[in-house]
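Q: Join the two chains into one complex using the hints; note that each chain is given alone, in its own frame.
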Amino acid sequence: MRNRITDLRAERGWTQADLAQRAGVSRQTINAIETGKFDPSLPLAFRLARLFGLKIEEIFLDDQ
Amino acid sequence: MQAQQELKATGRLLLWTFAWAATLALAKFGPRLLWDAQQAASWVAVAVNVVVGIGWIVAFTRFLRALDELQRKIMQDALAVTLGVGWVGGFAYVVADTAGLVARDVNTAALPALLGVVFMIAFAVGKLRYR
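Chains A and B, in that order, are what the protein sequence lines are. Counting in my numbering, the first sequence runs from 1 upward without gaps. Counting in my numbering, the second sequence runs from 1 upward without gaps.
If we strip away everything but chain B, and leave its shape as in the complex, we get (with noise of 0.2 Å):
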C-alpha cells in the first residue's frame, strides 16, 4: 500500500517536472524559435511555465507526504542543506558583487545547476547514512 502510493506520487511528480522543463525550454527558447519574439507569446508562455511550475510544487509536497518517514527525513536534510547552500552562497555572492570583489558576471543559470548538484550530493549522504 505504501510502496504503491510512494510509486504513485513518484509517477505524478516524474511527469510534472518533465511538463515544467517542457514549458521552460518553450519560454526560453520558444522566441527566437517559434514566434520570433512577439511578446504575446512570449508572455503566454512564461505563464504557462508558472502555472505549471505551480502544479509541480503541489506534485512535490504530495510527493514527500507519500513517502514514509525515514525517507522523508533524508529528503528534508537534504532541502536543508540544499536551501541553506542556496541562502548563504547566494547573498555572499551579492554582498561579494556589490563590494566590486566579483571579476566577472557568473551566468544566473549556474545557481540552479549548482543546488541541484548540491541536493543529489546530500541526498546520497543521507541515504549511505541510514543505510
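Just chain A, with the same shape it has in the complex (with noise of 0.2 Å):
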C-alpha cells in the first residue's frame, strides 16, 4: 500500500516528530508508514486522515 503522508506532511511544514505527536505514535512508526514497510491499522488511519483533513482514500493508495 502506498502513501502520500510524506508529501501532506511537507506541505505542512511538519516534522515527523510532529506527526507522530499528533498522531499519538512514535516517529519510528510514521518513518516506517512512510516507507512502506509498515501498513497502519484502520484507527491509525482514521487518526491521520482527521488530522490531514481528507479522507483516508485520498492517503492511502492501493498498489493493485
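What the hints contain is simulated information worked out from the structure, not anything from laboratory work. For glycine and all other residues, C-beta sits at the position ideal for the given N, C-alpha and C. Be aware that a few hints might be false.
Stated by the list, open to error - Pairs of lysine to aspartate or glutamate, EDC-like flavour, derived with a Cα cap of 16 Å:
{"id": "1", "chain 1": "B", "residue 1": "Lys73", "chain 2": "B", "residue 2": "Asp36"}
{"id": "2", "chain 1": "A", "residue 1": "Lys37", "chain 2": "A", "residue 2": "Asp62"}
{"id": "3", "chain 1": "A", "residue 1": "Lys37", "chain 2": "B", "residue 2": "Glu6"}
{"id": "4", "chain 1": "B", "residue 1": "Lys127", "chain 2": "B", "residue 2": "Glu69"}
{"id": "5", "chain 1": "A", "residue 1": "Lys55", "chain 2": "B", "residue 2": "Glu6"}
{"id": "6", "chain 1": "A", "residue 1": "Lys37", "chain 2": "A", "residue 2": "Asp63"}
{"id": "7", "chain 1": "B", "residue 1": "Lys28", "chain 2": "B", "residue 2": "Asp77"}
{"id": "8", "chain 1": "B", "residue 1": "Lys73", "chain 2": "A", "residue 2": "Asp63"}
Stated by the list, open to error - Here are a few chain A residues that sit away from chain B, every Cβ distance over 10 Å (derived from the structure):
{"id": "9", "residue": "Thr6"}
{"id": "10", "residue": "Arg9"}
{"id": "11", "residue": "Phe38"}
{"id": "12", "residue": "Leu44"}
{"id": "13", "residue": "Lys55"}
{"id": "14", "residue": "Phe60"}
A: This is how it looks when you write it as C-alpha cells:
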C-alpha cells in the first residue's frame, strides 16, 4: 500500500516527530508508514486522515 | 499522551521485573542462607515468587497494550521467535535426551537465559527492520 503522508506532512511543514505526536504514535511508526514498511491499522489511518483533513482513500493508495 | 502511557507502563513493568527477580533470588538462596532449609519458609518464598510473577505477567500485558502499534508488532514478532526457539529447541533436546544422544546434563537455567538472548536479538532485528 502506497501513501502520500510524506508530501502531506511536508505541505504543512510538520516533521515526522510533529506528526507522530499529533497522531499519538512513535516517530519510528510514522517513518515506517512513510517508507511503506508498515501499514497502519484502520483506527490510526482514520486518525491520520482527520489530522490532514482528508479521506483515508485520499492518503492511502492501493498498489493493485 | 501516548508517550506518557508508555513511560508509565514501562516503569511499572520495570518495578515488577525487579520485584520478581528479588523474590526469585529469595526463593533460590533463602533456604541455604536465611532460614536453614525449613520447608515451610521455602514454600512461602516460592508462593510469593509465583504471586509476584503473576503480577509481572499482568504488568507485561498492560505494557504491550500501552505500546503503539508498530512497537507492539516488533515486540510480538520477537516474542513469537522466542517462543518458537524455546518450543522447538526444548522438544529437540527432550527427544535427543530420550534417545540417549545427550552426553551430559544441561543446566535448566540455560534455557531461560538462551530465550532471553534470543528475544533481545529478535527485538533488535525488528527495531532495525522498521528503522
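Q: Next, verify each hint and record whether it holds.
A: Status of the hints after comparison with the structure:
{"no.": "1", "hint": "B:Lys73 <-> B:Asp36", "verdict": "violated, 46 Å"}
{"no.": "2", "hint": "A:Lys37 <-> A:Asp62", "verdict": "holds, 15 Å"}
{"no.": "3", "hint": "A:Lys37 <-> B:Glu6", "verdict": "violated, 23 Å"}
{"no.": "4", "hint": "B:Lys127 <-> B:Glu69", "verdict": "holds, 13 Å"}
{"no.": "5", "hint": "A:Lys55 <-> B:Glu6", "verdict": "violated, 29 Å"}
{"no.": "6", "hint": "A:Lys37 <-> A:Asp63", "verdict": "holds, 14 Å"}
{"no.": "7", "hint": "B:Lys28 <-> B:Asp77", "verdict": "violated, 32 Å"}
{"no.": "8", "hint": "B:Lys73 <-> A:Asp63", "verdict": "violated, 23 Å"}
{"no.": "9", "hint": "Thr6", "verdict": "holds, 16 Å"}
{"no.": "10", "hint": "Arg9", "verdict": "holds, 17 Å"}
{"no.": "11", "hint": "Phe38", "verdict": "violated, 5 Å"}
{"no.": "12", "hint": "Leu44", "verdict": "violated, 6 Å"}
{"no.": "13", "hint": "Lys55", "verdict": "holds, 21 Å"}
{"no.": "14", "hint": "Phe60", "verdict": "holds, 15 Å"}
Figure legend: structure checked against the earlier numbered hints; hints not met, in rising order: 1, 3, 5, 7, 8, 11 and 12.
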